[in-house]
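Take a look at the letters that make up each chain.
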Amino acid sequence: MIGGGLMGAAIAWRLAQRGREVTVVTGPGPIEAPGATAAWASAGMLAPVTETNFTETGLLDLNLDSLRRWPRFVDELADTGADPGYRTDSTLSVAQSPDDAARLSDFADFCDDHDLTTKRLTSREARRLEPLLSPRVRSALLVEADVSCDNRMLWSALIHAATTAGVRFTPGEVEAVTTDDDRATGVRLRTAEQVTADHIVLAAGAWSGSIDLPVEVPVRPVKGQILRLHAGTLPRLTHTVRAFSHGQEVYLVPRHHGEVVVGASVEEMGFDTRVTGEGAWSLLRDARQVMPLTAEYTLNEFSVGFRPGTPDNSPFLGPSGVPGLTLACGHHRNGVLLVPLTADAVVEHITDGRLPDCAAPFTLARPMTARKPRREEEP
Amino acid sequence: MITPDAPPPEIPAATPFTIAGRTFDSRLIMGTGGAPSMDVLEEALIASGTELTTVAMRRVDAKAKGSVIELLDRLGIDVLPNTAGCFTSTETVMYAELAREALETDWIKLEAIGDEATLLPDPIETLEAAEQLVAKGFTVLVYTNDDPVLARHLADTGCAAIMPLGAPIGSGLGIRNPHNIELIVENATVPIILDAGIGTASDAALAMELGCDGVLLASAVTRCHAPGLMARAMRDAVHAGHAARHAGRIPQRRYAEASSAMEGRID
Numbered sequence: 001m002i003g004g005g006l007m008g009a010a011i012a013w014r015l016a017q018r019g020r021e022v023t024v025v026t027g028p029g030p031i032e033a034p035g036a037t038a039a040w041a042s043a044g045m046l047a048p049v050t051e052t053n054f055t056e057t058g059l060l061d062l063n064l065d066s067l068r069r070w071p072r073f074v075d076e077l078a079d080t081g082a083d084p085g086y087r088t089d090s091t092l093s094v095a096q097s098p099d100d101a102a103r104l105s106d107f108a109d110f111c112d113d114h115d116l117t118t119k120r121l122t123s124r125e126a127r128r129l130e131p132l133l134s135p136r137v138r139s140a141l142l143v144e145a146d147v148s149c150d151n152r153m154l155w156s157a158l159i160h161a162a163t164t165a166g167v168r169f170t171p172g173e174v175e176a177v178t179t180d181d182d183r184a185t186g187v188r189l190r191t192a193e194q195v196t197a198d199h200i201v202l203a204a205g206a207w208s209g210s211i212d213l214p215v216e217v218p219v220r221p222v223k224g225q226i227l228r229l230h231a232g233t234l235p236r237l238t239h240t241v242r243a244f245s246h247g248q249e250v251y252l253v254p255r256h257h258g259e260v261v262v263g264a265s266v267e268e269m270g271f272d273t274r275v276t277g278e279g280a281w282s283l284l285r286d287a288r289q290v291m292p293l294t295a296e297y298t299l300n301e302f303s304v305g306f307r308p309g310t311p312d313n314s315p316f317l318g319p320s321g322v323p324g325l326t327l328a329c330g331h332h333r334n335g336v337l338l339v340p341l342t343a344d345a346v347v348e349h350i351t352d353g354r355l356p357d358c359a360a361p362f363t364l365a366r367p368m369t370a371r372k373p374r375r376e377e378e379p
Numbered sequence: 001m002i003t004p005d006a007p008p009p010e011i012p013a014a015t016p017f018t019i020a021g022r023t024f025d026s027r028l029i030m031g032t033g034g035a036p037s038m039d040v041l042e043e044a045l046i047a048s049g050t051e052l053t054t055v056a057m058r059r060v061d062a063k064a065k066g067s068v069i070e071l072l073d074r075l076g077i078d079v080l081p082n083t084a085g086c087f088t089s090t091e092t093v094m095y096a097e098l099a100r101e102a103l104e105t106d107w108i109k110l111e112a113i114g115d116e117a118t119l120l121p122d123p124i125e126t127l128e129a130a131e132q133l134v135a136k137g138f139t140v141l142v143y144t145n146d147d148p149v150l151a152r153h154l155a156d157t158g159c160a161a162i163m164p165l166g167a168p169i170g171s172g173l174g175i176r177n178p179h180n181i182e183l184i185v186e187n188a189t190v191p192i193i194l195d196a197g198i199g200t201a202s203d204a205a206l207a208m209e210l211g212c213d214g215v216l217l218a219s220a221v222t223r224c225h226a227p228g229l230m231a232r233a234m235r236d237a238v239h240a241g242h243a244a245r246h247a248g249r250i251p252q253r254r255y256a257e258a259s260s261a262m263e264g265r266i267d
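For the protein sequence lines, the chains are A and B, in the order given. Residue numbering for the first sequence follows the UniProt record's numbering, starting at 1 and increasing by one per position. Residue numbering for the second sequence follows the UniProt record's numbering, starting at 1 and increasing by one per position.
The shape of chain B in the complex, shown without the other chains (with noise of 0.2 Å):
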């Protein structure tokens, strides 16, 4: 019997959050566009319980005073670098290699834009780079499109984690399509990390739920009204649709079906 002192049940220790070799214990990923100060980044990001955040490439020195790389080191958050705001595959490898050599990192968010409207992933210059990537040794997590197919060659070309988005960067639309997100997950052979389209708690509870292994997230948290709170939220979400789940949930029925058995109650 559960004393109302026991404390609440773990979720499955079977399913650590790895990726290449490395685990964590949080399995939100931040970003760090559009925050409107430091400060308030930096607030999020310890509300968010991160310990892992992706810092563009093409819009930071790395080694400015007060830029968001001191930042993170500050915080003891790794810094997962991106390829954000390139289109060819050759300015990507190239921004990769920019950062291996100032962030002394292997990791390398690969992201390789096809359009300026949608900002959605160019699934050709994107598989370029991911093979170009993988052969120079990179630890690559790569951003694409809510595809299966495409999903799965990215993986045999070697990726280290497949994110597909759920919706356009910074659209908040949330996951327009969870039956493909589904499918990705079903058929993943390394980690799968919703990324992109994340704009209220729901929505990465959802991902969680869906059986991916972790979320990404930015503009959700650091363009909100509250980003501290925001980020609160998210940490709770991604851990609550964690939980759910692996907690198995009960089948949708048609009809209701009375919590309460009708047999055997006292009249």
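Same shape as in the complex, but just chain A (with noise of 0.2 Å):
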């Protein structure tokens, strides 16, 4: 198992579960840049719903049946003795000057159109569900659907899980996929040392697409400022809240010991690992235009991660095209959501040999644009 990150963990678990014996390499990521994993610098929403958009509803499919997947993951972790923080609240997203909402009613009808239940509220309605709202939140949509967990807890309670049930894991950083007679058996590290294995899966986060592959995998580095804040003894909100803000989005995910997530940056900046004077005072001002008591709060924790982003914002599930590399990377913004779909599809594909039918659009082989023969798009 190539990374040690939030894929890495699951599938590693559910492998051991089925009786096979598992070493995580967990590198590269997170010996390079600390704590510059998505799996732990993210928000940790499950939030099929408010992050689609017009055109990926290819993607929102895949996303709402991760989605249904979780009270289960969540009962089975818990059989573990872990707590992945996950929490029901469900999710507002709410606009502040009428051109956000006119996008946040636009977005809502793309919602009807889809089938997704979502509820329009007005100012004071939204202002009841959750009282710590700006009182210039103009227009609200209630998503029941999407709720969130503690991404962070949700890696420890992986890993614990894993290691449970007997997966190895150790630091290392791959830098090549070794094969032989075009299949892969095993990798290299840094360090020169070879591990060798059956069957090796790439599960390395945003540093996916930066090891030496027998096959292209195009994933990228999708860099965001995110900071941390905490309650203390302050009133907190309930619901993960989204704004569209005077033309920016931003989104505050609560935890259950008081913490608040904001967030985040959207930058194509390679591995940048720089906290900015722009990142972190837009962040500090569209959470205040939101919610105004957060500028009350104490300032935890400014950091930086990188969501592993591929050319359609959708991941990399099970076959690569060479025999013995499976693929489980690639989730951009939705891989804590989809932790659960992606450790069954993928162990299904590595102990049955078939790809379960809810993957099969997002093998590496389905067609992206950059393949596509070019035409001219009519109506």
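Errors might be hidden in some of the hints.
With the C-beta cut set under 8 Å, the calculated list includes, among others, these residues of chain B facing chain A [unchecked claim]:
{"no.": "1", "residue": "P36"}
{"no.": "2", "residue": "S37"}
{"no.": "3", "residue": "M38"}
{"no.": "4", "residue": "R59"}
{"no.": "5", "residue": "A64"}
{"no.": "6", "residue": "G66"}
{"no.": "7", "residue": "V68"}
{"no.": "8", "residue": "E131"}
If you're looking for bench data, these hints aren't it; they were derived computationally from the structure. Backbone N, C-alpha and C fix where the C-beta goes; we use that ideal spot for every residue, glycine too.
Join these two chains into a complex; the hints should help.
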């Protein structure tokens, strides 16, 4: 298993449950840039509805499928004694300016057209649900499907479950996947050490595209700056709040222990780990506009994480085209949400030799514009 | 007599679209901001037929793997770096120099913003930056307000193209002051490219009918429901508007004039 993030740990756990012997090589990400993995940095939203957009309805189906797997996934983790900080409080999407309200209304229409259940709320209705919202919130959309988990607790929980099931975690920075006669046979570490295996899984998050592979896997880092505030003894949010705020987008995700995660920038800056003035200031500004009390919270952490981006924002699941090499990478903005489905699909692919139907449209072999013959779009 | 098989009339070849000695077949310059994914952006760029596309230097690492720069290179589309997000002439010049080094191009779309809510250009900083960039040997395509006097000053400074806004960036409000755009076009000594404010295809067609040499747009395509389809619509609109401009429109009249003459009709 290349990568000890959420995907690596979850798949390893599931494989061990099926009696497989698994070694997880935890690099390269966490070693090169501690804390910059999506597993650690992200906000943990399980949000198929509010994450969708006009051009990604295929991905929406995958995300909805994974969301339905979450309650059982949490129960199974709980059986190992681990708690992933899952919470079922729903999401409020809010709009500030008239322009923002028009955009939210456009999105609500899109949800109606795609049978996604939402409820339009007035400002006062929204503030009765979430009194900490600014009175300047103009309109809102209640999305009951979209919930959250504490991704850091989830990560610990998965490592605990996997370790308990017999998975071995070993630090190391994978440089290449080695092959013999066109079959993947193992990995070579930066230290030149070789590790051989019957089967290799690539789950290296944003670093998946930086490893020397027998096939091209187009994954790139998409930088996000994110911050963590703590309520202390002050009142807390209950819902995840997502806002269109004067043309900007911001989200606030509350945790049971009083933290609220505020994110996030979207930057095409390679592996740039800097927190910038602009990044910090705009998150604080937007958070305060949506929920004024955030200004009084304790600022606990500013961090940078890298989403594993792909050309069409969808993950690569299952066969790589190279025997012995399976893909579980490129989850972009939906990694936490897609953990249960990815683990199920990849394990089935490895143990039974077939990829479930839900994951079939998301193999590396799918058509992307880059590979389609050029055509002119006509109505 | 025109037979059904005859090719449609061509737009006069005497009007190629040339900026600083470089000629383009497409009069549509695209921006990349706001696209939901690289894949959707690629589809839109191909459908638009663009040959020149602008990229914000503050927001991309030109050397990053899978970047928009790499995408444009693969599609054979020239990169026009821009200074979006800069407020001062100092920042603007610095980003232009970074772009020149990173992308090996002297071309720069100069953008100096004066106000965050409207993203309107700051005329003073813009003129200052234009003077400095021209002196440093850049080919400057300058984003400016729809002010004919400022447009003249910028052209006199040595800018290679003047890019007046139709409306604020991303607003989709169309061309709010067509009369000013006409005045800018009438007095032009360099190409005029309508930049910012385009919401839909008719806005792009209007820009060309007013006599602009080209149109630059991004949000209208990247943020709409079907970017590939809208990109194709914009391509057609720019072409149609340009053709209409050269076809010589009829005068507008207060009263009707029958399209078939009344005299000599068979009873």
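Status of the hints after comparison with the structure:
1. Taken as an interface hint, P36(B) checks out: its beta carbon lies about 5 Å from the nearest beta carbon of chain A, inside 8 Å.
2. Contact between S37(B) and chain A, as hinted, is supported at the beta carbon level, the nearest pair being about 4 Å apart and thus within 8 Å.
3. Checking M38(B) against chain A: minimum C-beta separation of about 5 Å stays under 8 Å; hint holds.
4. With a cut of 8 Å, the hint placing R59(B) at the interface with chain A holds, because the nearest CB-to-CB distance is about 7 Å.
5. Residue-level restraint check for A64(B) holds (minimum Cβ-Cβ distance to chain A is 3 Å; threshold 8 Å).
6. Satisfaction of the interface hint for G66(B) is found here, the shortest Cβ-Cβ separation to chain A being roughly 3 Å, below the 8 Å cut-off.
7. For V68(B), the interface hint holds, since its Cβ comes within 8 Å of a Cβ in chain A; the closest pair sits about 7 Å apart.
8. Annotation: E131(B) was flagged as interfacial toward chain A, and the flag is violated, the nearest CB pair being 27 Å apart, outside 8 Å.
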